[in-house]
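K.L.:
Next come the chains, spelled out residue by residue.
2 protein chains.
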Amino acid sequence: MLLLRRCHRLNPIGPLSIDRNQVAPVVASCAVRLCSSSNDQRFHQYGFSASWRHVLAGLLAGTGAVLAYGLHRHKAIEKSSPLPIISQEEVTRHRSLKDGVWVTYQGGVYDITEFVSIHPGGEKIMMAAGGAIEPFWSLYAVHNQEHVLEILSEYKIGELKAEDLKKQSTFKSSDPYSSDPERHPALRTNSLKPFNAEPPPEILADSYITPTAFFFKRNHLPVPQVDPDLYRLHVEGLPRGVLTLSLEELKTRFPKHTITATLQCAGNRRSEMNKTRQVKGLNWGFGAIGNATWSGAKLRDVLLAAGYGPDVAQWARHVQFEGLDKEITGSAYGASIPINKAVSEEGDVLLAYEMNGKDIPADHGFPIRVVVPGVVGTRNVKWLGKIIVSAQESSSHWQQKDYKGFAPGIDWDTVDYKSAPAIQELPVQSAITTPAEGSVIDRSEEMLTVKGYAWSGGGREVIRVDVSVDGGKTWKEAKLKSSDKEGDQTSPPLGRAWAWKLWEITVPLPPEAQELELICKAVDNSYNTQPDTFGPIWNVRGLLSNAWHRVKVKISEDDDEE
Amino acid sequence: MLLLRRCHRLNPIGPLSIDRNQVAPVVASCAVRLCSSSNDQRFHQYGFSASWRHVLAGLLAGTGAVLAYGLHRHKAIEKSSPLPIISQEEVTRHRSLKDGVWVTYQGGVYDITEFVSIHPGGEKIMMAAGGAIEPFWSLYAVHNQEHVLEILSEYKIGELKAEDLKKQSTFKSSDPYSSDPERHPALRTNSLKPFNAEPPPEILADSYITPTAFFFKRNHLPVPQVDPDLYRLHVEGLPRGVLTLSLEELKTRFPKHTITATLQCAGNRRSEMNKTRQVKGLNWGFGAIGNATWSGAKLRDVLLAAGYGPDVAQWARHVQFEGLDKEITGSAYGASIPINKAVSEEGDVLLAYEMNGKDIPADHGFPIRVVVPGVVGTRNVKWLGKIIVSAQESSSHWQQKDYKGFAPGIDWDTVDYKSAPAIQELPVQSAITTPAEGSVIDRSEEMLTVKGYAWSGGGREVIRVDVSVDGGKTWKEAKLKSSDKEGDQTSPPLGRAWAWKLWEITVPLPPEAQELELICKAVDNSYNTQPDTFGPIWNVRGLLSNAWHRVKVKISEDDDEE
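If you're matching them up, the sequences are chains Z and Y in order. Under our numbering, the first residue of the first sequence carries the number 1, and numbering increases by one thereafter. Under our numbering, the first residue of the second sequence carries the number 1001, and numbering increases by one thereafter.
Note that these hints are calculated values from the structure, not bench results. For every residue, glycine included, the Cβ atom is placed at its ideal position computed from N, Cα and C. Hints may contain errors.
Derived Cβ-Cβ restraints for the label pairs, each shown as a range [stated by the list, open to error]: (1) Z:Arg-277 with Y:Trp-1315: 50 to 58 Å; (2) Y:Ser-1179 with Z:Asp-311: 48 to 56 Å; (3) Y:Gly-1409 with Z:Asp-227: 53 to 61 Å; (4) Y:Lys-1552 with Z:Pro-510: 34 to 42 Å; (5) Z:Gly-357 with Y:Gly-1307: 38 to 46 Å; (6) Z:Gly-357 with Y:Gly-1409: 50 to 58 Å; (7) Z:Pro-211 with Y:Arg-1253: 56 to 64 Å.
Facing chain Y, according to a computed beta carbon distance under 7 Å, are these residues of chain Z, among others [said to hold, decoys possible]: (8) Gly-309; (9) Glu-425; (10) Gly-438; (11) Ser-439; (12) Ile-463; (13) Gly-471; (14) Trp-475; (15) Lys-476; (16) Thr-490; (17) Thr-533.
One chain only, chain Z, in its complex shape (with noise of 0.2 Å):
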């Protein structure tokens, strides 16, 4: 009931007006933030300040009562057999209340209307009503669970008619993410749709270069198909007019320019502050992180090729960045980053066209990614369609309401959007990749190597990393590694320190202890460090989750036993 109020709250029209032209939208972006819990940015858009925790509440309590209901229906109902085939124009003039809400799924026919009010996601559920329910499930991925098809399946009324059946065909080619690439199936899945997945967080430390495939993917919507050699980029915002390039000419317009650098999804390390109290977002390991190769022109090139000078520095203050990925509304992902970034020669920020040193693929945003070194992942903008200089910053949903850090205090009745900067450089952060949480170490081995990774934003060079092995009391430094090459001690340029340090310690395991706490902490070159815990940097979004990594190991004495 909570959510059916919530989104009557936003409902002009009323809870039992359901012209579907009219309700849509309004039930689309219910929809939206109270289903579509995988995806994460999109439940705020529309300025939503529901407390998460309660929709969360809601959503469990809401699924249990559904389950409920569904097994009362389903000791109720005396199965009859076979059922009435009903054509698809039958089922359309059933799309309301009044006149009873029908869905398909799969060539069947279902009479939803007594379930509308108990629908855990509220009423969005009529957006289906009168056609197939196919195409929201693949939106939704909620819905892809055993437990929603035995509901569905009470609710069973007749056979759609062969012939409407086939026609419907065209419905499954309407799934947006029915072009996403394939992934890896190594890969941890926060989110099928849009998908969100990051790797088995001990491989990190292994490779100093994360394996493409292994890098995170963190989409906000649909892939979108790019032909590269329609592909174009437009420049705007600047006194010249637009600039519009082809993929063919940034990559021979422009020097080609590589660095390396690690970017980091803002809600990394989310699950963690989650365990303190409840946040809402993708619950994001340590793995979120990732390290790579970027080629490409620089940002700065091409804006001085589209005429950024003197004159554009007196007003401008943000290069905003437009994905051609698009949302529901038509809208395309956005955000931008300050020019002084966007324009120094040391900025280093890429229209990359490389990643490690092959094409962008699809999930990393072919054909051109901005990466933005030293800067949160939600700015390193992928599949980019569009670059505007700009006195404001971007109006997109992910700059203005979503990659924001707050104070402890605040919850989702008290946020303020304005009263926060959008996150652009990101604090000191390290992990513990190996031995994992609950690991069992072997007494004989006498010795413990743990290994991490540690990296600071804005290109500040991380110089050291601590790890305890009890809880915090003392402390060692681990050796660090700039490279997979043996032995070296580079340093990159300062401040422009973009790539993380792998790092290393082998300690004796304490004679006497069963079980060890691992903790690392890593320090910048402006001597910034991580927080002990993470209750005082916890906020509602579950951003900027940096506080030391904490790993519990067993020792066993097996072999003493034998």
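Model the placement of chain Y on the given structure of chain Z, informed by the hints.
P.N.:
Below, chain Y without anything else, positioned relative to chain Z:
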């Protein structure tokens, strides 16, 4: 004995070889290191890596032993009067353990032969043999204590001949600190010679611009006397040769720029870290920070005028500064900053001749101080004499072997100064200036106002200060002030937030509490924040002390009882 051993270890001649010319430099190095506890920067200027804790323990133990010995003598010796008149010539003959060690002090002659072996500071005392002890006590202010005079008095053997005493008056003017300027008595002195003092912290948040008289003074050496007409600044290391500028030329040949910038000593808040575990250095409270306006020529402009250009950029990496303040050895105070900070248009490095609208006063670097905004105080070289463009960092003690941070597991026996970069940008910082620790709040006041400062290095703007009145369980956001103007919310240009923010919050007194633990922590625009506790950021030198600031206050119920 420990102290003596440490000196002997450095003395190639052996402990009994007391030829002054040979021994003096070695002894002086020990003297500076072991005696001048108030002059923390010079302790390790010869790369001496003794355990400071041992040294301190030895110093304290030694003083105790000396006192006991003095009292013992006091009882044993029968006083006789009048004491004989002794000539300086006779005194001068007593300069060895064999011949006896005599010194003079305020007209008295003392035979301290027996004292040499128990002198807490070791054999450095031999430097004074045969002469007046005042100049040494002026340099090493640790002697300005009553019990030291008591000890000395036990060794008195005569009165110096009146005409020889008269000649000694020149010693007074040889006190290198005798020309130091007057200071405001409200300052809390951490060391007199060199002068190091901070204001009472409660005044800091009362004025956005710290009054010059109350701006913390951090001198490493005596304040040099500079005649502004004779002052010359030398710019070296560039292909065109040395550029020499008079003060007048600096003021007239280059545009005058004004910035508001906060300077902070790397040792600010050391006293809090000291409570965790003993560190070495001046025991600063939280007042070794101040905010001032600075006016002068841009370093960039001066470097360009001296011939800095793309050719130099190929090899230049650092800009070194030398002060006109000199060590006992004649070498100047020195530091360096990275070249990109020095030449960047947005780096705002000034050769400042004004502080808060007036000539920079003697304690702050008259006539020229480099102001390197966003960078640790020690690189903001005062009494600037020389600028050197170089491929190398400054080789000074302060750059190479002092202002660096280390892991908490590193002590004086294991520290490797080469393993850490010289501190440049400082991490995010904040402190509560009112109420003071131990304050008693009247319950009837109902509300409590907490005030303080917050700042971050590298031009990163403080975007939030979180305040807790319950020891960190819950947090509220303080109101930030960017000037003394009411409601001023202007932001500095991105990356150029050189000045601190003052902050304030008024909260209701929790009804049940009898004691409150107030805490503040700041967040800057790279979303770095302060660590929770000091233990894990502890370092041998007690630098970079930026854990949460905690203040305990009591609530009195007096009014209820009336």
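K.L.:
Against each hint, give a clear statement of whether it holds in the structure.
P.N.:
Against the structure, the hints:
no.: 1; hint: Z:Arg-277 with Y:Trp-1315: 50 to 58 Å; in the structure: holds (53 Å)
no.: 2; hint: Y:Ser-1179 with Z:Asp-311: 48 to 56 Å; in the structure: holds (53 Å)
no.: 3; hint: Y:Gly-1409 with Z:Asp-227: 53 to 61 Å; in the structure: holds (57 Å)
no.: 4; hint: Y:Lys-1552 with Z:Pro-510: 34 to 42 Å; in the structure: holds (35 Å)
no.: 5; hint: Z:Gly-357 with Y:Gly-1307: 38 to 46 Å; in the structure: holds (42 Å)
no.: 6; hint: Z:Gly-357 with Y:Gly-1409: 50 to 58 Å; in the structure: violated (40 Å)
no.: 7; hint: Z:Pro-211 with Y:Arg-1253: 56 to 64 Å; in the structure: holds (57 Å)
no.: 8; hint: Gly-309; in the structure: violated (15 Å)
no.: 9; hint: Glu-425; in the structure: holds (4 Å)
no.: 10; hint: Gly-438; in the structure: violated (24 Å)
no.: 11; hint: Ser-439; in the structure: violated (24 Å)
no.: 12; hint: Ile-463; in the structure: holds (6 Å)
no.: 13; hint: Gly-471; in the structure: violated (11 Å)
no.: 14; hint: Trp-475; in the structure: holds (5 Å)
no.: 15; hint: Lys-476; in the structure: holds (5 Å)
no.: 16; hint: Thr-490; in the structure: violated (14 Å)
no.: 17; hint: Thr-533; in the structure: holds (6 Å)
In this structure, the earlier hints numbered 6, 8, 10, 11, 13 and 16 are contradicted, and the remaining ones agree with it.
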